Amino acid sequence: GSAGNDPILDELIAEYASNREVFLVGHSAGGTQAAQYVVDNPGAVSGLILISPAILTTGGSPSGFNWIFSIPQLDHLGPLLVSSIASSGMDLLDRSWFDKSKITDEIKAGYRAPLEIIGWEEGFWEFNRAPRTFDVKDRLSEIKIPTLLITGDTDVVVATADTEALATMIEGSTLVVIPKSGHLAQEETPVETMQAIDDYWVSLSK
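Position one of the sequence shown corresponds to residue 1 (our numbering), numbered consecutively onward.
Rather than coming from a laboratory, the hints here were simulated on the basis of the structure. Misleading hints may appear alongside valid ones.
What the hints assert, rightly or not - Below, a list of computed lysine to any residue pairs in the SDA-like style, where the Cα atoms sit at most 25 Å apart:
1. Lys180 to Val39
2. Lys180 to Asp40
3. Lys108 to Glu122
4. Lys137 to Glu164
5. Lys102 to Val191
6. Lys180 to Asp94
7. Lys100 to Arg20
8. Lys144 to Thr168
9. Lys206 to Gly119
10. Lys108 to Glu15
11. Lys180 to Gly119
12. Lys100 to Met194
13. Lys100 to Asp153
14. Lys100 to Ile118
15. Lys206 to Val191
16. Lys100 to Val157
17. Lys102 to Gly123
18. Lys100 to Leu12
19. Lys108 to Asn19
20. Lys206 to Asp94
21. Lys137 to Val157
22. Lys102 to Pro42
23. Lys180 to Asp10
24. Lys180 to Val156
25. Lys206 to Asp153
26. Lys108 to Asp94
27. Lys206 to Leu92
28. Lys102 to Asp153
29. Lys180 to Glu121
30. Lys137 to Leu92
Stated by the list, open to error - Cβ-Cβ distance ranges computed for the label pairs, FRET-style:
31. Lys144 to Trp201: 16 to 22 Å
32. Arg139 to Pro7: 33 to 39 Å
33. Ala161 to Val202: 34 to 40 Å
34. Leu92 to Pro42: 18 to 24 Å
35. Asn19 to Arg112: 39 to 45 Å
36. Ser141 to Thr104: 39 to 45 Å
37. Lys180 to Leu204: 34 to 40 Å
38. Val22 to Thr104: 30 to 36 Å
39. Thr168 to Trp201: 36 to 42 Å
40. Val22 to Gln195: 38 to 44 Å
Every value quoted in this text rests on a predicted model; they were computed, and no experiment measured them. Idealized CB from N, CA, C, for every residue including glycine.
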């Protein structure tokens, strides 16, 4: 949840910002975290860059089922249940790209790497059990800083339409929809994504 990540961001900003402007960049669930930090810490951040942020559709577990994670017996069974992510995660990777021919063996290996860590199942289970405290969806009007929204035109993980809708909800935000790109625009179309960021950066300096 948000509370567990905020201290990490606080420390990073304190250590590296050195009284400079801070722009938070977040993708998917990371975009939700970045936006939540902004509304919870007004004045701490100068701008936002959100790539396919999972704000309107979180993709998480339905809140009505959170009680399941508190069943003591599942502490032993839970890690076994989440082990299926080893295969389903690769399915999600396929869905995240518009042009699946660009998904190289090296890219696949990079996504599988965390699954080689001993005990990853327990860690992932605890991650799913962690409380979700995000309410940024209901506080979008509080975002008053420059915000760039980027999405691929064929994102089926966080629907392209969701990011387009966010652009109408965050005052003064800028939307860039990248053609022939999916949920991982920064990986599938890195040149176009960086160009969008560069162009936005230049526009802010005018």
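Check the structure against each numbered hint from earlier and tell me which ones fail, lowest number first.
The structure breaks hints 1, 2, 7, 9, 10, 11, 14, 17, 18, 19, 20, 22, 23, 25, 27, 29, 32, 33, 34, 37, 39 and 40; every other hint is satisfied.
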